[in-house]
Amino acid sequence: MKHEQKHNPPMKYGMAIDLDKCTGCGACMVACMAENNVSFKKDESNKLDSITWLRVYKLTNDKPYPNTDICYLPRPCQHCEGHGGHSPCVSVCPATATDYSRETGIVSQIYTRCFGCRYCMAACPYHARYFNWWDPVWPDGMEKYLSPNVSPRMRGVVEKCSFCFHRYQLAKNKAYLDGERTVPEAAYQTACTQACPAGAIVFGDLNNPNHQVHQVVKPDPKHGGKSKNPRAFRLLERLGTNPKIYYLSSREWVRRAGDNYLAHEKTGQVSKPHH
Amino acid sequence: MSTIDEKAKEVMDDDAAHASNGKDTGASGFIILFFIIGFTASMVLGWVIFPKLLYSQKQQPFSFNHALHVEEVDEGCESCHFFREDGSFSGIPKLAQCTDCHEEPMGESEDEAIFVEQYVTREREVPWRSYSRQPDCVFFSHTAHVIGAKMDCVTCHGHIGESESSRPYEYNRITGYSRDIWGKNIAGFKKNSWDRMKMDDCAQCHKEAGIIHTSSVQTERDACFVCHK
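Going line by line, the protein sequences match chains A and B.
Taken in order, the first sequence gives residues 731 to 1005; the numbers are from the working numbering.
Taken in order, the second sequence gives residues 1268 to 1496; the numbers are from the working numbering.
Just chain A, same shape as in the assembly (with noise of 0.2 Å):
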């Protein structure tokens, strides 16, 4: 007999980035890196050769002194849902290389599987992925140093922000182990949200309404998923990408950052999205 599994509510894995707490230290840079096996090239200036998962802008509202104020933003991969799964970059994959997964709401990058065309790229609207022009090489003695439970990239692949996938690996096995049907929240969390020393990110399950990130970000499913907290935006919300990273700032001018909104456009307004 042919059965379909029965399963748990599908999960959705976000986070609540409060940029009025980030101090742009890069810590969660840092913890990305080398939780993820990312190598780093001799010229790290050179932007099109690095890559980082996980990077931090630096916003500023352009005016002179004493109205300036800046604000750091860290910028992971969005994880978009869009419309049922489909992400900017998962529609025009032609490798099957990069997925939404509906028990998670990770997409997914499968080094094995990709090829390098570097569609995903071009469709993503938030520069999250990132190609290996060459092969990672570390300093001598320094690949004792890499994790394990995550492969390295090679030449010709692109890569970008996981939610530290592993991690919820390994808190499944745990979970089989007790006996329990579910992840705990405290047993997944990605390494940016721990290594954070300003508490500004908090990961978990935004349809779980005992996890913190759903009580902070309060997602309303009848509208796409949007915050009903009024801190709360959305990189390029108005794209339909429906994102999993949430920002919070009681700064009107970072608000206004995260869209390319018009001069007599208020923030927070979603438009419906296009078909």
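Because the hints were derived from the structure by calculation, they are not lab data.
The structure presented is a predicted model; accordingly, all values stated were derived computationally and were not measured.
Examples of chain B residues lying across from chain A (beta carbon under 10 Å, computed):
no., residue
1, E1352
2, F1356
3, P1402
4, D1403
5, F1406
6, S1408
7, A1411
8, I1414
9, S1483
10, V1484
11, T1486
12, C1494
13, H1495
Pairs of lysine to aspartate or glutamate, EDC-like flavour, derived with a Cα cap of 20 Å:
no., chain 1, residue 1, chain 2, residue 2
14, B, K1417, B, E1475
15, B, K1465, B, D1403
16, A, K793, A, E982
17, B, K1457, B, D1468
18, B, K1474, B, E1487
19, A, K771, A, D870
20, A, K874, B, D1403
21, A, K904, B, E1352
22, A, K788, A, D748
23, B, K1457, B, D1467
24, A, K996, A, D792
25, B, K1417, A, E910
26, A, K777, A, D865
27, B, K1361, B, E1390
28, B, K1417, A, D908
29, A, K874, B, E1392
30, A, K904, B, D1353
31, A, K904, B, E1345
32, B, K1451, B, D1467
33, B, K1361, B, E1342
34, B, K1417, B, D1353
Backbone N, C-alpha and C define an ideal beta-carbon position, used for all residues, glycine too.
Could you slot chain B onto chain A? The hints should help.
Then chain B, alone, in the frame of chain A:
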């Protein structure tokens, strides 16, 4: 149709007539002979010589008698190959587990003498070669299969628990993977579930057990990001 068929028949008859004339038989006989020789040679090359060249053999540091140990322990395979508290699988035991019993040689065997002299007294880990190590891109959860699905070790690993000595470790010279992954049969045929450990074999078993996930948006089947990393 019928006219074409008739013509074809005529042509064939003509050919047969030419052949039976006897002028060409010698030449075509040689051609057939050379073809058979060439065909046989390439078959032998492909099926016998190439697999031998493809795989390289290495001996284990010393021979391990599984049968003897299984008799001595109480909990079968799990006595030595156990789950850690974090849910990960311990795999091949570390030296510390062995020294619980093997501080001094317990028997008379030569292999145990090597073990105690070379490794226990010098406190060196035994550099075992793992027969069933999966490629780097694979995440295999032992807990999901052994605890979750209550599967036997034998289903994938065969009757290794009954072996009295360690067979040589064979690995693919090109990929570096153990031969157990592709399987002994170069054509890829298998009789038992433990003959191979390829992705096809995972998929086959999952299909037979009726475990069908539909989490992938692209394929409406299992997502890659379950067993791959």
